[in-house]
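Protein chains in written order, with the numbering used here: chain A, 1 to 222; chain B, 1 to 137.
Everything labelled a hint here was simulated from the structure, so no lab data went into it. Treat the hints with care, since some could be wrong.
[To be verified] Taking lysine to aspartate or glutamate pairs in the EDC-like style, the calculated list, with each CA pair at most 16 Å apart, reads:
hint, chain 1, residue 1, chain 2, residue 2
1, A, 154, B, 35
2, A, 3, B, 126
3, B, 48, B, 121
4, B, 48, A, 200
5, A, 3, B, 5
6, B, 115, A, 11
7, B, 48, A, 11
8, A, 137, A, 107
9, A, 137, A, 100
10, A, 7, B, 8
11, A, 7, B, 4
12, A, 158, A, 122
13, A, 7, B, 19
14, A, 154, A, 200
15, A, 137, A, 189
16, A, 7, B, 5
17, A, 3, B, 4
18, A, 3, B, 122
19, B, 48, B, 122
20, B, 48, B, 114
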Amino acid sequence: MNKQAVKERIESAIRRFASAPSSEAYKLVPQSLTSGKLYEAHVLSIVVERLSTQENFQISLVNSLFISLKSSPGPVNRSYPHFQLRRDGRLVAELWTDVEFKSISYDLRGAQVPITRGDYHELDLVLTDPGVDGRPKHSQVWLGVECKNTGYTKGLLKEILGIRRELSLLHSPRATQFSQWPRAQVPAEPPSCLMVFSTDPIVTHYSSPGDVFGIDFEHEPI
Amino acid sequence: MINDDYREILQYARRMMREAGLSGVDQRIMSDLRDSEGPFWDLTFYLKRLAEEVSLGSDVQLASMLHRFRRHVDTESEEAIEGISVTISDEDRERYAVERIDFSPDRELGLVAEKLRILIEELHGEYRRHSDRWGGE
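So here's chain A without its partners, still in its complex pose (with noise of 0.2 Å):
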């Protein structure tokens, strides 16, 4: 193998990679948009499967044939596609992603004021009550979960710390509404789970904090 082999391969693979098909239609928009989603589904598909299997919920896609992903994050809408859960033939719970939910600041105010930017966050993918319109309240959501197909840097341990804060109490441990996944018990009140999947394995070397928060880091390679 020499210099000039290994140029020629990495020179027919970049541009075979910016001229296939589905790459002329992501240039629409801009890359980081498409392979963020594309990895956000990943996941997706990843915690979906993980609820049916460990937890048993019946789980359904309404209003799409389409897996649906959103480019910007904003409230709830009902006429979204998005998953329901069942237990036992009741609806117990809904799948939401990109959604933005209020804030415990924003509830501890006394949530009658007019709510601002900073009293609400985007969650990537959101487990909530059944029948939440708009953005849930913190205390509805059961599972949030951000996915990261990027570098993971303090700067993003940080964001999701203030998340957590956001969305629960620190408190003596509490049973989710889960039986085991992602787990049983939280060190938060209200009880709601929070992880972080990431491409880059460094990911678990920040992972420590969410022992003590309850934050779980997970490595999910593409």
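Here the structure of chain A is known, so what remains is to put chain B in place on it, guided by the hints.
Below, chain B alone, put in the same frame as chain A:
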């Protein structure tokens, strides 16, 4: 090959990416590259992350996702889930002039990712042989 060669190949790959309109991917991969252990490791990290980016839209990756969804999720009409899409929000719609992106499995991307993975393996093999012979650089 020596360190200068690996360095030159990485610079070449980055230039090719920019010329192919993939500057965003190049910059994202470079921002993930930290704690450099030398030009060989920088190059193979870059190629590995590139292969991952390519494979995200591949037939193998998307088929695997769809298989998981179809296995564990029903639909109202009892038809199989057809695919994965991104709805572009109103504000983004004006910027990108597109309402929705459908992710469809692309066999070409799977083949490109596989070619890159084979190249990375060969580079590692060559590097090991070189290190055994000369004790590394």
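Hints, one by one, checked against the model:
1. Our distance criterion of 16 Å between C-alpha atoms is met by residue 154 of chain A and residue 35 of chain B, whose separation comes to about 15 Å.
2. Restraint check for residue 3 of chain A and residue 126 of chain B: satisfied, since their Cα atoms lie roughly 12 Å apart, inside the 16 Å limit.
3. Simply put, residue 48 of chain B and residue 121 of chain B have alpha-carbon atoms about 10 Å apart, close enough for the 16 Å limit, and the pair holds.
4. Between residue 48 of chain B and residue 200 of chain A the alpha-carbon distance is near 12 Å, which keeps this suggested pair within the 16 Å criterion.
5. With a C-alpha separation of about 6 Å, the suggested pairing of residue 3 of chain A with residue 5 of chain B holds against the 16 Å cut-off.
6. Taken as a hint, the residue 115 of chain B and residue 11 of chain A pair is honoured in the structure, with Cα atoms around 12 Å apart against an allowance of 16 Å.
7. Pair hint residue 48 of chain B plus residue 11 of chain A holds up; C-alpha atoms about 15 Å apart against a cutoff of 16 Å.
8. With a C-alpha separation of about 8 Å, the suggested pair residue 137 of chain A and residue 107 of chain A falls inside the 16 Å cut-off, and the hint holds.
9. For the suggested pair residue 137 of chain A and residue 100 of chain A, the alpha carbons sit about 9 Å apart, so the restraint of at most 16 Å is met.
10. For the hint linking residue 7 of chain A to residue 8 of chain B, the alpha-carbon distance of about 9 Å falls within 16 Å, and the restraint holds.
11. The hinted pair formed by residue 7 of chain A and residue 4 of chain B meets the criterion: a straight-line CA distance of about 14 Å does not exceed 16 Å.
12. Only pairs whose Cα atoms come within 16 Å are accepted, and residue 158 of chain A paired with residue 122 of chain A is accepted, the gap being roughly 15 Å.
13. Proximity of residue 7 of chain A to residue 19 of chain B is assessed by CA-CA distance (about 15 Å); at most 16 Å being required, the pair is judged to hold.
14. For a cut-off of 16 Å, the pair hint linking residue 154 of chain A to residue 200 of chain A stands: about 13 Å separates their Cα positions.
15. Restraint check for residue 137 of chain A and residue 189 of chain A: satisfied, since their Cα atoms lie roughly 13 Å apart, inside the 16 Å limit.
16. Using a Cα cut-off of 16 Å, the hinted pair residue 7 of chain A and residue 5 of chain B holds, with the two alpha carbons roughly 10 Å apart.
17. Note on residue 3 of chain A and residue 4 of chain B: the hinted pairing holds, with a Cα-Cα distance of about 10 Å set against a maximum of 16 Å.
18. Of the pairs offered as hints, the one joining residue 3 of chain A and residue 122 of chain B holds, with about 13 Å between alpha carbons and a cut-off of 16 Å not exceeded.
19. Only pairs whose Cα atoms come within 16 Å are accepted, and residue 48 of chain B paired with residue 122 of chain B is accepted, the gap being roughly 13 Å.
20. Distance restraint check for residue 48 of chain B and residue 114 of chain B: the Cα-Cα separation of roughly 11 Å lies within the 16 Å cut-off, and the hinted pair is therefore satisfied.
In summary, the structure agrees with every hint in the numbered list given earlier.
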